[in-house]
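Peer 1: One-letter residues, chain by chain:
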Amino acid sequence: MSVVERQELSLPSVAAQRRKKRPGLADTWWRHVVALIGVVIALFPVAYVVSAAFNGDNSLRGSSLIPSKLTLDNFRSLFGSQRHTTGHATFQNAHYLSWFGNSMIVAGGTALLTVLLSALAAYAFSRFRFRGRRLGMLTLLLIQMFPQLLAVVAIYLIVLNTGDVFHFIGLNTLPALIIVYLGGAMGVNTWLMKGFFDTIPSELDESARVDGATPAQVFWGVVLPLAAPVLAVIGLISFISTLNEFVIASVILETQQKFTLPVGLWQFIDQKYSEHWGPFAAGVLIAAVPAALLFAFLQRYIVQGLTQGAVKG
Amino acid sequence: MIKIVLLSLVNAFGIWAAVVLVDHHKWRAFAVLVAATAAIDAIYLAKRWTLPLKFLIPGTVFLLAFQVIPVAYTINVAFTNYSTGHILSRAEAISNIEQNSLTETNNGASYSLTLMRDAKHQLVLALVDNSGHTFIGTPQGLRPIPRDKVTIKDGAIATAQGYTPLQGSELGSIDTELSAYKVPVGGGKAIEPQGFDSAVVLEPLYRFDASQNAFVRIKDGVVFRDNGRGSFVAPTGAEIEPGWKTYVGMRNFGRIIHSPLIRSPFLKVFVWTMVFATSVVFLSFALGLLLAITLNKPGLSFQRTYRALLIIPYAVPAFLALLVWQGLLNDDFGVVNRAFHISIPWLFDPNWARVSVILVSVWLTVPYFFLISLGALQSIPSELIEAAEVDGGGAWQVFRKITLPLLLVAVAPLMIASFAFNFNNFNNIYLLTGGGPALNNSPVAGATDILISYTYKIAFAAGKGQDYGLASAIAIFIFITVGTISAISFSRTRALENLA
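In order, the protein sequences belong to chains H and P. The first sequence begins at 1 in this note's numbering and counts up one residue at a time. The second sequence begins at 1001 in this note's numbering and counts up one residue at a time.
None of these hints come from the bench; they were simulated from the model. All of these numbers come straight from a predicted model, not from anything done at the bench. Please note that a few of the clues may not be correct.
[Unchecked claim] Beta-carbon label-pair distances, calculated as ranges:
| id | chain 1 | residue 1 | chain 2 | residue 2 | range |
| --- | --- | --- | --- | --- | --- |
| 1 | P | Ser1382 | H | Val289 | 24 to 30 Å |
| 2 | P | Val1409 | H | Leu226 | 27 to 33 Å |
| 3 | H | Leu70 | P | Leu1384 | 50 to 56 Å |
| 4 | P | Ser1343 | H | Val289 | 55 to 61 Å |
| 5 | H | Ala292 | P | Trp1396 | 34 to 40 Å |
| 6 | H | Ala26 | P | Glu1386 | 19 to 25 Å |
| 7 | P | Glu1386 | H | Trp30 | 54 to 60 Å |
| 8 | H | Ala292 | P | Met1250 | 46 to 52 Å |
| 9 | H | Pro175 | P | Gly1168 | 41 to 47 Å |
Ideal Cβ positions, reconstructed from N, Cα and C, are used throughout, including at glycine.
Chain H on its own, in the form it takes in the complex (with noise of 0.2 Å):
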């Protein structure tokens, strides 16, 4: 068999797909039958916030697949300019705003940094033969199994004490949070990150260093753009766990305005879910949509990177 047909057949393009003939229905029934079920179960919750995110009727309830009234006011209720408030549930004493605020400051600022630290770190560990090189990437993987959540106390009391002193890195400060999350910035980032550093050509900074570059230079001018696609994964990654990130942001944030969203939401319904349900799956909505248009963009990279190695599961 010759390589293209093997191309063919274990990754089949859209072309591919074009040129060969599609099988037959009485074939392939069943597998549209197990796909739609699949999909069902998957899109089920998902339909349902967005019915009751736009249903007048804003209890749990009330809540149904169609809506009995198509209305905006979950939303205004969100942003506070609500006008008919009456027998309305509302985040009156909420601050979505705020919250969303909040959470992406700390999932992008995290983020990025990251990002760069992680870089920075794989970069050394992928082009310079050092003393110690083995040693600390075996323990990085090491500390790296000792879960950030699992020393929460520790965590709490170590912000708690900076803050006397530094108030802007303190209990219930946005900063504070974003540096403990660097904590956990190295490691399987690291890892991930110096295999794919790994893959690009040594030769290509070689050169660069013969024309002078400093390795700071080539850091920045050739490897870095030339890993943007591992750069944007991790980037995705890291921007969706520190999203979903509860205990620790639950323990340093301590007013409504500095909550993130899982903290917020999370107290939000604590308190009278039933009532909330159409303020709240308003929330859901718009809370979804950054976290799920990266996802999009950036599905492709995702998909090579969990079919090479373990991402996020």
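Chain H is fixed; fit chain P onto it per the hints.
Peer 2: Then chain P, alone, in the frame of chain H:
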């Protein structure tokens, strides 16, 4: 050039922070900061040999501060009795007991009290004793004030030279100051205000005997000795509160094994953690593989659409999905019960709650295994399948003997990684059930609590008090368990070849 600017910024920050630390008399932190800043300068200004360090330092600083130190601290705490009632140091605990174990004496003198402020606006107690002597009491002590400098009305001082009586409106805001107010009168005794218009002499319940290194109960001479575990305890077993933080060796680990109050819930939680993580991984893998096989048919119509829709649960941030499921599974108003006209207590019955957290976790995890199975299936050379079919293998046989083994080579390490992830999947439990519903024979652990949420509750849940020592010991246990699993998985994959 940029290097110089950045380095100057680091130094400027370091100097500013050093000044602040000196201001707060934090000498140890000051020393660490100066040493770290100097080391960073040396590394970045040196020429050659520090090159790798220049790239490693930025991440390492954060790694040390928020990963290594917390881990070291956690290990340290695991060998202490750090918990509610054992927060202070020993010296603090002794002075705390001496100051707070005050009790009214049998023949205790009492005073009529007027609250006043002195010229510096400090709160003082203007007192009249039973025999009509007048005093001014401050936290420094009690001193007489001559009768001609005060006026007395209804047995209490109404005015006093140099002092202004508190007005009614001021009284409302001094409660906390007043409740901690003590006028020492020697012999460990003190005058304490009782409300706004009387004060009594209190004497200590215990006396610290430095020669015995123990507390003595004054009224009956019972000796409370240091029990070596952070408390003063009488022979009868009675204990003086508060205790102090001290090292207790392996005691926290011993409690997990020996104390029935901890062992029974711990074992339940441990078994459930294993069941939860295992079933989530296997069910998700099975369903993900099923979907992957279904869609792995070249030329299948809507293939891409199906794939895009099936991975939606993976694209939504998990915490949102979990909170939504909490609403969908609500037993009164939840959509699931109403849609199927059933009334299953999804989240409020222990067994149904366990089923629910597994189902929801599977819902979240299937897309991941679907994607990796699809990738792995497509990378299996089709010659192998065709050859097996030519040799007369049936579809099932080909799957069992060819496809699955090849697939597992790629997927098994990811299954182990996923197991380790779910073993500590705090969010999937806590955001859905909060670890509940409560089990009737365990005050802390709920039916769906996994080790990590159980640990969190031991450390932070109010009610039964906070036991940081025990929580840290369990955290180390989790670390060893997950670390072993991960080590096995890593040694079986070729990830370590990366080190070359």
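Peer 1: Run every hint past the structure and note whether it holds.
Peer 2: Hint by hint, here is what the structure shows:
| no. | hint | verdict |
| --- | --- | --- |
| 1 | P:Ser1382 with H:Val289: 24 to 30 Å | 40 Å, violated |
| 2 | P:Val1409 with H:Leu226: 27 to 33 Å | 30 Å, holds |
| 3 | H:Leu70 with P:Leu1384: 50 to 56 Å | 54 Å, holds |
| 4 | P:Ser1343 with H:Val289: 55 to 61 Å | 35 Å, violated |
| 5 | H:Ala292 with P:Trp1396: 34 to 40 Å | 38 Å, holds |
| 6 | H:Ala26 with P:Glu1386: 19 to 25 Å | 22 Å, holds |
| 7 | P:Glu1386 with H:Trp30: 54 to 60 Å | 22 Å, violated |
| 8 | H:Ala292 with P:Met1250: 46 to 52 Å | 49 Å, holds |
| 9 | H:Pro175 with P:Gly1168: 41 to 47 Å | 45 Å, holds |
The structure fails hints 1, 4 and 7 (numbered hints given earlier, in ascending order).
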